[in-house]
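A.B. asks: If you read the sequences in order, they're chains A and B. Numbering-wise (this note's numbering), the first sequence opens with residue 1 and increments by one. Numbering-wise (this note's numbering), the second sequence opens with residue 1 and increments by one.
Check before you lean on any hint, since a few could be wrong.
[Claimed, not checked] Beyond 10 Å from chain B on every Cβ pair, some chain A residues (computed):
hint : residue
1    : Ser14
2    : Thr48
3    : Val174
[Claimed, not checked] Pair by pair, the computed Cβ-Cβ distance ranges are:
hint : chain 1 : residue 1 : chain 2 : residue 2 : range
4    : B       : Gly113    : A       : Asn16     : 58 to 66 Å
5    : B       : Met1      : A       : Leu18     : 24 to 32 Å
6    : B       : Gly113    : A       : Val61     : 55 to 63 Å
7    : A       : Arg98     : B       : Ser8      : 43 to 51 Å
8    : B       : Leu26     : A       : Leu6      : 45 to 53 Å
Calculated from the structure, these hints are not laboratory results. Yeah, the Cβ is synthetic: ideal placement off N, Cα and C, and Gly gets one too.
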Amino acid sequence: MNIAALDQLWVYLSGNPLLSLLMTLVAFAVAVRINRALGGSSLFHPVTLSVSMLIGLLLLVDMDYATYFEGAQFIHFLLGPATVALAIPLYDHRDKVRQLLWPLLLACVVGIVTAVGSTLGLAALMGARPETLLSLAPRSVTSPIAMGVAEQIGGIPSLAAGLVLLTGSIGCVVAPWIFRVLRVQDPAVQGFTLGLAAHGFGTAHAFARIGAVAGAFSGLAMGLTGLLTAFILPLLVRLAGIG
Amino acid sequence: MPLIMGMSMLLACQFLGELMSRGWGLPVPGPVIGMVILLVALLVIGNVPGSLRLAGEGLLRYLTLLFVPAGVGLIAHFELIGNDLWPIVVTLVVSTAVTLALTGRLLEHLNRGRKRRVER
């Protein structure tokens with residue numbers, strides 16, 4: 001095989017959705033292995049690892065994000081039905097949810113106001129630009145909601161999605177430590193807190209590390225936080241006088 | 001067939017959710033409304049069909065993988081993040097920690113109070 005043929009092959013493959021789809025799946029599988037080899041530490045979360053690997057790879061082969069996304073969108077699309085599927089663990093644990101309904105709603109509102117207030121306050125204090133500020137504001141809700149809200153208040157949707165992801169991985173790293181220091185032991189409380197502060201990442205973490213009850217509450221928190229934030233955030237931003 | 005049936009149910013709920021979200025101009029995304037629709041439907045039916053559980057729990061098991069494509073999108077914003085690096089890093093870490101601590105504490109407190117009332 002001569003060099004020219006290889007070159008043409010690459011041109012064909014890099015323009016084809018197949019390659020980036022395969023890359024994403026392989027990167028994730030490798031990341032899960034690495035994470036397991038490192039003792040399952042959330043500091044090296046499979047998502048953080050595979051995202052860094054893929055970014056490195058894209059820079060290396062000089063592929064732009066739009067081309068990559070043409071293949072990866074098939075995975076991205078499944079976020080929609082997966083969000084709908086969160087209704088299943090919620091239904092399974094409906095009795096526990098009903099018992100705790102008022103405390104959960106109160107905690108949810110307090111959590112959202114804390115998250116948005118401390119984010120806007122700190123970032124403004126440190127001199128972040130307005131578009132960064134408005135993309136940071138919805139960082140604790142699940143990415144499809146955060147992107148919609150960011151667009152509505154004048155932030156950058158795709159930057160918001162990235163910041164949501166960073167929030168999620170940071171949340172999973174600091175949460176076990178905070179729970180230990182503050183002696184928060186109830187799996188339902190741990191799950192709900194994770195879902196509220198770290199959205200889908202927290203939910204996945206709760207399912208994998210704490211158990212099905214924590215996962216169900218985490219999914220509930222994620223949905224509830226998303227719903228409430230979509231209504232509360234535009235009001236808070238207007239109150240704070242930005243945007 | 002069960003996998004197809006289950007997936008169709010999930011997509012149908014999402015579709016209804018998108019219709020309501022777009023049609024009424026709601027600020028809430030379609031999949032979240034879809035989740036509420038499915039939850040109400042399950043409460044009415046009174047059980048989770050096997051096919052739905054198969055498709056739904058399969059998706060939820062790999063939930064983290066589904067965030068990867070959006071995460072790679074950070075590549076398009078290196079410059080903006082570089083400009084505001086410290087405000088972004090400090091805000092993300094501190095604000096996430098404060099939110100976790102405050103919510104966890106509050107909920108644990110409310111939960112203990114409730115348990116004590118039940119025991120009495």
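A.B. asks: With reference to the structure, classify each hint as holding or not holding.
C.D. replies: Okay, the hints, checked on the actual structure:
1. Ser14: 15 Å, holds
2. Thr48: 8 Å, violated
3. Val174: Check fails; 5 Å does not lie beyond 10 Å.
4. Gly113(B) / Asn16(A): 58 to 66 Å: Roughly 59 Å apart at Cβ, these two residues keep to the hinted range, so it holds.
5. Met1(B) / Leu18(A): 24 to 32 Å: 27 Å, holds
6. Gly113(B) / Val61(A): 55 to 63 Å: Once the Cβ atoms are compared, 57 Å apart, the range 55 to 63 Å for Val61(A) and Gly113(B) holds.
7. Arg98(A) / Ser8(B): 43 to 51 Å: 29 Å, violated
8. Leu26(B) / Leu6(A): 45 to 53 Å: 51 Å, holds
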